[in-house]
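Knowing the structure of chain F, use the given hints to seat chain R on it.
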Amino acid sequence: MSEPVLELRSISKNFGENQALDDVNLTVEHGSLIVLLGPAGAGKTTTLRIVAGLEAPSSGSIFIEGADFTKHQPNQRDIAMIFDNLALYPNKNGFENIASPLRIAKTPKDEIDRRVHEMAGMLKIDHILERTPATFSGGERQRVALGRAMIRQPRFYLLDEPLSSLDFMLRIDLRTELKRLQRETGQTFLFATPDYTEAMALADTVCVLLDGKVRQIAKAQELYDEPVDRDVARFVGNPPINIIPARITRDNGTVNISVGSMTMPLPAKMEHGLPSSVSNVEIGLRPEHVRIVESGSDVIHLTGIVNDLEPLGMHTTVGLDLEGVNLFFTVEGVQEFKDGDKVDVHVDLESLLFFDPETGRRIT
Amino acid sequence: MAKIKLELVKLCKEFGELNAVDDVSIAIEESETMALLGPSGCGKTTILNMIVGLEKPTSGEILIDGKSVLNVPPGQRNVGLVFQDYAVFTHMTVRQNLAYGLKLRKMKQPEIDREIYKVSEFLSLGHQLDRKPSELGASELQRVAIGRTLVTNPEILLLDEPLSNLEASMRNQMRRELRRIQGETGQTIIYVTHDQIEALSLAHQIAVMNLGALQQYDTARNVYEYPANRFVGSFLGNPPMNFIRGKLAEDSGQRVVSSGESTMPLPAGIIGADMTIGSDVVVGVRPESLNLAAADNPGRFTSEVLAVEPQGPETVVTAAFGDSSFKVIVPAGTDAEAGGAITLAPQSDLVALFDAETGVRLMNSGGA
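Here the protein sequences come in this chain order: F and R. Take the first sequence: its position 285, counting from 1, is numbered 284 in numbering that gives the first Met the number 0, and each next residue is one higher. Take the second sequence: its position 121, counting from 1, is numbered 120 in numbering that gives the first Met the number 0, and each next residue is one higher.
Chain F extracted, bound-state conformation:
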């Protein structure tokens, strides 16, 4: 097992009174794609800047391929940083834009030729190598810029929201491309984004940063299914997870969850995760784990009044008033019912998450 390409060891950063990063630990293995996910102000860019050497940590160290690089200058670290606003040389054609780092490094001409064409093939931009940037589309510009950054073969790449200024359709195309490229070249990416869908689509591993702290490091689907706390659960998923106050009651060996005046039986396999001392909880219920059932059915768990319908094409989001608590859930396609209708729903109880109402930590 080789050394990790990058290690952040107990990195903290203060800007005056404000603690931007608090004891951040992260290990990045060779050839992996790690995404830093967090809202604006969470510390993503500060983390990348510290790794790049543009900012010194207040405490902690940066190890690159097993060696301490904390005090090294940016240009000694051999890292490429890719931002959102990528500038191209307007007077150079596509080929020369991509080739420019190799020209500076005085790479032999035939090697430049070979590597630029290889890169252009991978990025599917062979057709614009002879053209100047003024004639490129947004996606072509971004690809040329990526090609220029990647031709150098640095130790690893830091990408700070590189797709955020592109329009939506291009963004989802390019992220698929980016992941394919990373796979095919075996490069290492540390990628920052506030968009959980982008994070999940790209990442081998997602590192969630909230308020300067690492909250969770997990595989994409695990982050969604097994969040460590309420904040992570809310940040990942749209419509967001429903967090509903509930009570646990025990009666002759059966365990029930009560929401308002409604009571649902807890599946036996979930009971052991709940300490017997726990009575007040918050349940986390994902919008796709609720379905409408016929009135009179014996699998009704909750009953509410429809108070919102949001058609979104593939899905419709339904808002339900459960005795004063709002529940949002998704159903396929377009729905026929209306605001004010009474609706009975079934809850996939085995998918319920339980949170401590005080700390927000996940109980089970």
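Covered stretches of chain R, as calculated for chain F (at least 3 residues, CB under 8 Å):
(1) 235-241
(2) 303-310
The calculated lysine to aspartate or glutamate pairs, modelled on DMTMM-like cross-linking and capped at a C-alpha distance of 25 Å, are:
(3) F:Lys123 <-> R:Glu303
(4) F:Lys218 <-> R:Glu313
(5) R:Lys117 <-> F:Asp338
Treat the hints as calculated values from the structure; they're not laboratory data. Don't be surprised by glycine CBs; every beta carbon is placed ideally from N, CA and C.
Relative to chain F, chain R alone:
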């Protein structure tokens, strides 16, 4: 049939050589929300400006309640415009902001108080009336901006990208708020946006614009399920509609589209009588209209998986078709891996053929 509130008739606007708005005709019923949806530069803001009176059409007609407003000056058309950047007076309190339009109309103070009370209760701004905008959050500011316009009781409320300055988490809430306002006031609303989610979630009718021309004007559902052309199909949906290019062929009695080694069976109903084997076709199918298929499904086809992107409840799989690729949405936990294979079947009522050259939808299958 409800009454037509606003009608645009063959509306054109030229800026020099540029046809910013090219022959657009749209009728909007009273109490409806109509979304003008399109990318930047498609002409939607120019249309808005012509309705308000900030621009004069090169030709065409704008009718409100059946009467032309072309010669009515901007301030007197009784249409209320809310911009994306709030346009709230920062030196005035919320109350003064809300009162502003009414004072201009020389309304008496007791009446102004009554109207402000009504609108502030309705927009949950009751506790904020004596605050300055600098003390308010983004969604409250947005409500003040809407309230300022709503209080003047306009015939038509025009909203220009009203949510684009809000964070993602705030948008869900604000969309819900806008649906409630529309439902309770019965206000006729024109909603300008480049965001398909906002258009689908707020509008009864959607007018999709591109390059100054109206691409489709229909109910939100029809625009999504039965796009009139490739532009509309690719502008709505996440991921958008797939357009699979190939040649019409026959495989053991069944019509298929084929490209390289790949074939996809086509539902019988969508192929026109005049289409011959070997002709170029483009098949439009949404990523959610392709389902995982069992090995004995006669409509199945198999593709190589190129990428797998988990999204929470669902996973987006990119799969190969000839030299190109398409996306399909499968449930989370589906066994799919880059380099492996996936077996799918198209949901027959939501597959359509598009003209390979013009991009226009060929068959009017279903609702449209």
